[in-house]
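Here the protein sequences come in this chain order: A and B.
Going left to right, the first sequence walks through residues 4 to 357 as my numbering numbers them.
Going left to right, the second sequence walks through residues -11 to 74 as my numbering numbers them.
A few of these clues could be false.
[Stated by the list, open to error] Derived, one-sided and incomplete: chain A residues facing chain B with beta-carbon distance under 10 angstroms: (1) 58; (2) 75; (3) 82; (4) 86; (5) 102; (6) 103; (7) 271; (8) 339.
[Said to hold, decoys possible] In silico BS3-like cross-links for lysine-lysine, where the CA-CA straight-line distance does not exceed 27 angstroms: (9) A:13 to B:50; (10) B:50 to B:30; (11) A:100 to A:212; (12) B:6 to B:50; (13) B:30 to B:6; (14) A:277 to A:339; (15) B:30 to A:12; (16) B:-7 to B:6; (17) A:212 to A:339; (18) B:-7 to B:30; (19) B:50 to A:12; (20) B:30 to A:87.
Since the hints were made in silico from the structure, they are not lab data.
From the three backbone atoms N, C-alpha and C, an ideal C-beta is built for every residue, glycine too.
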Amino acid sequence: MTELLVGTKKGLFVLEGEAGGPFAVTSRAFAGEPVEFAMRDDRNARTFAAVTSAFYGPKLFYSDDLSDEWQQAEGIALPEEAEKAMTRLWSVVPGEKDGLMYAGGDPGVLFESHDGGETWALNQWFWEQPTRPDWSPGAGGMCLHSIATWPGDPARIALAISAVGVWLSDDGGRTWRHGNNGLYPRYMPEEARTDTIDLCVHNMHRAPKRPERLFMQFHGGVYRSDDAGESWVSIADGLPSDFGFPMVIDPDDPDNAYVIPLVADIDRTTPEGKVRVYETRDAGTSWIERGDGLPSSNAYLTILRQAFCREGSGPSMGLYFGATSGDVFGSRDAGKTWFTAATNLPPVHSVRAA
Amino acid sequence: MPVVKLRAPLSELAGGNKELELDGSTVAEVLQALEREHPDVKGWILDERGLIREHINVFVNKDYGREDTAVNASDRLHVLPAISGG
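With the rest of the complex left out, here is chain A (with noise of 0.2 angstroms):
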């Protein structure tokens, strides 16, 4: 049985079911309400929900037991002599240490918790950075979306921005600077593309088992880093678009990764009207269509940064996505087959197997 937390543009979905589906919604919380981000924390099954009401601001709330209330965490928000406020929250990540967790968020913001997400705090080094007066943000707002901790040591950080671009951290996030090389903004003009801190990252994920790997969707290009995020190589060749936003690694294979290719940024839509996940077996050198299962005509969908996720791992490990058309697919073998999840769910904005 696999249970899947569906983030949706009207509230949390709660799927539950087995390789094949269709997944019945077994519980539903935050109705009417966007919810962009939701996941479980294996550490201690607690499940996090950031729900951006367009009335009251982000939120991000938590519960031990999703028959229980939810409870409002503390301390999402900015210092109050910001010129902004929290706009909202892309991403929670469980972090190297007992109760450390990550957050990130709009306007390109880090919080940090140590007490398993009960009370968070601003990463004061991190918002004080002295470019961020000249940060820019992507069509979605400045969204730090991507948050990769380095498996067993809590010093290594990278994270990721739309659109500031990468940025490196060896020391628990007290100091950081860029790690961009390579990466290259064709949607900047060509005098201003190869010193420009305006990086619009829409993906970025480490390799557990080689954590030095990464692999990044940016807007326009798929990249892989093999220094921890210091310098990027294309990997993008062999894919129908180089556009698109989710991206899955296998935890076990540091040569394994899935995008779901975009038109482009002007048609941000599955491409040819064919819904398909490309895999590469070899750390980008080559790519595989996956699509069998999947509709393949007819089919324009959308599938947004966060809504794309794994089980497990190997030839048997799950794979989740959802679309903003309010469909889910799934494959419980590694991409080679699909099946429909669920469908007629709003649009859905993010997936976490739970």
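Mind docking chain B on chain A? Use the hints.
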């Protein structure tokens, strides 16, 4: 004292109160008094800068109010979600 009228979910965060008498001579002061009396409301109407959230409307009687709108003891403040969204 001015009366603040709340609807769910704000009334639930304010201890189940749909009406509260709160002290203050401006909209901001009254809403800050609400936050002091019911801390769970903090961050829901006013953002971290102390500004009324973009999609929240605060009426003083029948007129739109802003943070610095004067409030008299006989006034009623209605805190309502804006008619927006999708």
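Evaluated hints:
With a least beta-carbon distance of about 4 angstroms to chain B, the hint placing residue 58 of chain A at the interface is held under the 10 angstroms criterion. Given hint, residue 75 of chain A at the interface with chain B, holds; its Cβ is 7 angstroms from that chain's nearest Cβ, closer than 10 angstroms. With 10 angstroms as the threshold, the beta carbon of residue 82 of chain A comes within range of chain B, its nearest partner Cβ sitting at about 7 angstroms, so the hint holds. Interface restraint check for residue 86 of chain A: the shortest CB-CB distance to chain B comes to about 8 angstroms, inside 10 angstroms, so the restraint holds.
At about 23 angstroms, the closest approach between the beta carbon of residue 102 of chain A and any beta carbon in chain B exceeds 10 angstroms, and the interface hint on this residue is violated. Violation of the interface hint for residue 103 of chain A is found here, the shortest Cβ-Cβ separation to chain B being roughly 24 angstroms, above the 10 angstroms cut-off. Look at residue 271 of chain A: its Cβ only gets to about 18 angstroms from chain B, farther than 10 angstroms, so that hint breaks. The beta carbon of residue 339 of chain A is not positioned within 10 angstroms of any beta carbon in chain B (closest approach about 38 angstroms), and the interface hint is therefore violated.
In summary, the hint linking residue 13 of chain A to residue 50 of chain B is not supported, as the alpha carbons are separated by about 31 angstroms, beyond the 27 angstroms threshold. A threshold of 27 angstroms between alpha carbons decides the hint, and for residue 50 of chain B with residue 30 of chain B the separation of about 25 angstroms falls inside it, so the pair holds. A hinted pair counts as satisfied when its Cα atoms are at most 27 angstroms apart, and residue 100 of chain A with residue 212 of chain A qualifies at roughly 18 angstroms. The hinted pair formed by residue 6 of chain B and residue 50 of chain B meets the criterion: a straight-line CA distance of about 18 angstroms does not exceed 27 angstroms.
For the hint linking residue 30 of chain B to residue 6 of chain B, the alpha-carbon distance of about 16 angstroms falls within 27 angstroms, and the restraint holds. A threshold of 27 angstroms between alpha carbons decides the hint, and for residue 277 of chain A with residue 339 of chain A the separation of about 16 angstroms falls inside it, so the pair holds. The straight-line distance between the Cα atoms of residue 30 of chain B and residue 12 of chain A is roughly 24 angstroms, inside the 27 angstroms bound, and the hint therefore holds. Between residue -7 of chain B and residue 6 of chain B the alpha-carbon distance is near 6 angstroms, which keeps this suggested pair within the 27 angstroms criterion.
In summary, the hint linking residue 212 of chain A to residue 339 of chain A is supported, as the alpha carbons are separated by about 23 angstroms, within the 27 angstroms threshold. In summary, the hint linking residue -7 of chain B to residue 30 of chain B is supported, as the alpha carbons are separated by about 16 angstroms, within the 27 angstroms threshold. This hinted pair does not check out: residue 50 of chain B and residue 12 of chain A have alpha carbons roughly 32 angstroms apart, beyond 27 angstroms. About 17 angstroms separates the Cα atoms of residue 30 of chain B and residue 87 of chain A, which keeps this hinted pair within 27 angstroms; it holds.
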